[in-house]
Amino acid sequence: MIKGICRLCGQNTDLSFEHVPPRTTFNKNTKYTSVDFEDYIKIKNPLKEKPKGKIKQGGIGYNSFCKECNSFLGANYVPAYKRWVQGGFEILKNTEFCPHKYLIKEVEPLKILKHIISMFLAINGDWYLEAYPELSDFVANPESQKLSDKFRIFTYLTKAEKLRYISHVAKVDAALGTHIKCSEIAFPPYGAVLTIDFSGQIKFLNDITRFQDFNLSKTTNLNVNMFQLPTNTGLSPLDYRKKSQLELDIEKNIALSDELERKYNSTNGSKETSS
0 MIKGICRLCG QNTDLSFEHV PPRTTFNKNT KYTSVDFEDY IKIKNPLKEK
50 PKGKIKQGGI GYNSFCKECN SFLGANYVPA YKRWVQGGFE ILKNTEFCPH
100 KYLIKEVEPL KILKHIISMF LAINGDWYLE AYPELSDFVA NPESQKLSDK
150 FRIFTYLTKA EKLRYISHVA KVDAALGTHI KCSEIAFPPY GAVLTIDFSG
200 QIKFLNDITR FQDFNLSKTT NLNVNMFQLP TNTGLSPLDY RKKSQLELDI
250 EKNIALSDEL ERKYNSTNGS KETSS
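When we follow numbering that gives the first Met the number 0, the leftmost residue of the sequence shown carries the number 0, and every step to the right adds one.
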């Protein structure tokens, strides 16, 4: 086993492998390619060029929790999250950017919220535990119904064309001069976003932070009105562009980059000739 800091209890101990999402939610035999970020950003057009990486299978996960905490999550929250996932798969469609209205019967919202937060603890480094102890405290105490106001959880439906496992990042909107501190996971049928110190709304996304208001033992029939969104890029948080729009934007960026490179080479060539 790998030794490290458990993201839930904080102990420096052996860390077991935690499937994210749980292996019982269709993540048992997931086959995927692991690509280094440095290799990915060297590619001009990731839609046309496949980055080289290691092909892995057996489910996506992280060595983030000790055996005891892993078992705790499995016993207390995974069954509720599995029911939530099953309901989501039943209404996935081929249409995107439109709301899907559906009813999921006999779900446990508080447990669902706690498990989603545990997944964000899993994909972020152990520094997250020290920086935001309120998250692990909320998950570790099944009865807790008070998540700090600085945190919010948003969700959306998705086929996850590209899976997303984006750890803590600041998403900058240059046009508005704003940024959102967030982390994002997208694995069908849901995408989830954790925001920190953000009080606004995110277009098309549902704020489910209110799930904390349900009692732990409360089972309810949940009416959901949720948008289905594409994730055509795996490394850009809060990016739900259609593939056609993404292709246009990439081509524009490539053309701009090539033009800047030509100007740079032309200028440097002139200087060398003059000298």
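You may find that some hints are simply not true.
What the hints assert, rightly or not - Below, in silico cross-link-like pairs of lysine-lysine (DSSO-like), each with a Cα-Cα straight-line distance of 27 Å or less:
1) 161 - 145
2) 49 - 2
3) 217 - 149
4) 2 - 100
5) 92 - 242
6) 49 - 66
7) 242 - 170
8) 161 - 217
9) 92 - 158
10) 217 - 241
Unchecked claim - Taking CB as the label site, the calculated pair distances span:
11) 266 - 55: 23 to 29 Å
12) 168 - 202: 16 to 22 Å
13) 130 - 212: 32 to 38 Å
14) 244 - 140: 41 to 47 Å
In case anyone wonders, no lab produced these hints; they're calculated from the structure. Quick caveat, the model's predicted, so the values are computed rather than measured. A virtual CB, placed ideally from N, CA and C, is assigned to each residue, including glycine.
So, going through the hints one by one against the coordinates:
no.	hint	verdict
1	161 - 145	33 Å, violated
2	49 - 2	33 Å, violated
3	217 - 149	25 Å, holds
4	2 - 100	44 Å, violated
5	92 - 242	17 Å, holds
6	49 - 66	36 Å, violated
7	242 - 170	20 Å, holds
8	161 - 217	34 Å, violated
9	92 - 158	9 Å, holds
10	217 - 241	38 Å, violated
11	266 - 55: 23 to 29 Å	45 Å, violated
12	168 - 202: 16 to 22 Å	19 Å, holds
13	130 - 212: 32 to 38 Å	26 Å, violated
14	244 - 140: 41 to 47 Å	43 Å, holds
In the structure shown, a violation is registered for the earlier hints numbered 1, 2, 4, 6, 8, 10, 11, 13, in ascending order.
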